[in-house]
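Asks: For reference, the chains in residue letters:
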Amino acid sequence: MSKKRQTFGQVLREARLAKGITLRKFAEMVGISPTYLSQVEQDNVDPPTAERVHKMANLLGASADEWTALAGRVPEDLPGIIQKEPTAMPELLREASGLTAEQLRALREKARQMKAQGKPGAEGGDV
Amino acid sequence: MKSSLPFLREDVIESEAEMLLAEYGREHEGIICPPVPIDEIIELHLKLEFEIRDLRTLFGLGDVHGAIWFLERRIAVDEQLDPARHPGKRGRYHFTLAHEAGHWRLHRKHYTVPEGQKDLFDGEPKPSYICRSTEKKLPVEWQADCFAACLLMPYKLVRSAWEEWRGGLEPIILSEMPDRRQRLQAELLRRGGGKSGPDGEGDMILENAVRPFADLFQVSAEAMRIRLEKFGLVARKKEASLFD
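Heads up: the sequence lines are chains A and B, in that order. Going left to right, the first sequence walks through residues 1 to 127 as this note's numbering numbers them. Going left to right, the second sequence walks through residues 1001 to 1244 as this note's numbering numbers them.
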């Protein structure tokens, strides 16, 4: 099966229908108008805000981060994370950019272990 | 402009609508009380791509309610009918969806793309049918309207709901209504104007009377009044009901 890159609207529509939810019902669940949701699904307007994308993904059991990226948005917590470490964090991201998914998984696991050892929550606890 | 379509009798159209409801009942869930889940029928059962958009601008017509593209398996309803933004249009929205379902079930097999037809613009294909409110009704549009009424207000469902609503199958008779003037005034106030034609006043009084029942089916009072008159559950003067 050829895997051509789908738009945010297409992914959203497919996921909604796979769950057996109508356009109108889903619009109500998200708290937006059916007209707006329809326009998003048809890619006639910019994707919704990161917060809304997050809500949509959660309601449909999809990955919020994946959908946020697909929508061209930045996850809401990221700007804060970067601002806390304005030099180190962008450097880390630049270094990590280009790694394979497997390598990123290993790096993430390592970071998790380091955080566990460093007892996050302790005063001034650097990673 | 369109290929020749067969003449369809009303009972044939009604059977087709009943068949669609039965299919939906088998594959999803049986419809035992109103309203008929037309959004689910369109998207989940018929699997038609559905969108709500500004059709008036798209087609440059001020009275468009809906459109259907057979080849693309797509229907669209004008954004002015979005019930979340315009709650008063909920009945018209449902009727338009059911109308497009009618085109899908009754006409798609007979439809051929007119020779030399070009896209509208930017690869936007021309729809198979554009459904408008003020256009003189072509036979296909009449058939789709008839289908919509049968689908949203099926005989058995209307009958059982009426029985529950009225506590029996007694019809509402215009000539026997004691509060006609008040009803007319209330309806005129609600609509912000009158309805012309010899039966206009009677129509308005009856529509005022059946509006709560129409709300159960989420259709307009006018659509429900027409359907109920057909069933003999609403009449201008006393006559035998179909259910007697």
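Heads up, a few of these hints could be off.
Lysine to any residue pairs mimicking SDA-like chemistry, simulated, CA-CA at most 25 Å apart [claimed, not checked]:
{"hint": "1", "chain 1": "B", "residue 1": "1047", "chain 2": "B", "residue 2": "1199"}
{"hint": "2", "chain 1": "A", "residue 1": "25", "chain 2": "B", "residue 2": "1047"}
{"hint": "3", "chain 1": "A", "residue 1": "19", "chain 2": "B", "residue 2": "1048"}
Calculated from the structure, these hints are not laboratory results. For clarity, every value in this text was computed on a predicted model and none was experimentally measured.
Asks: The structure should be examined with respect to each hint, and the outcome stated for every one.
Replies: Status of each hint after checking the structure:
| no. | hint | result |
| --- | --- | --- |
| 1 | B:1047 - B:1199 | 41 Å, violated |
| 2 | A:25 - B:1047 | 16 Å, holds |
| 3 | A:19 - B:1048 | 16 Å, holds |
The structure shown violates just one earlier hint, number 1.
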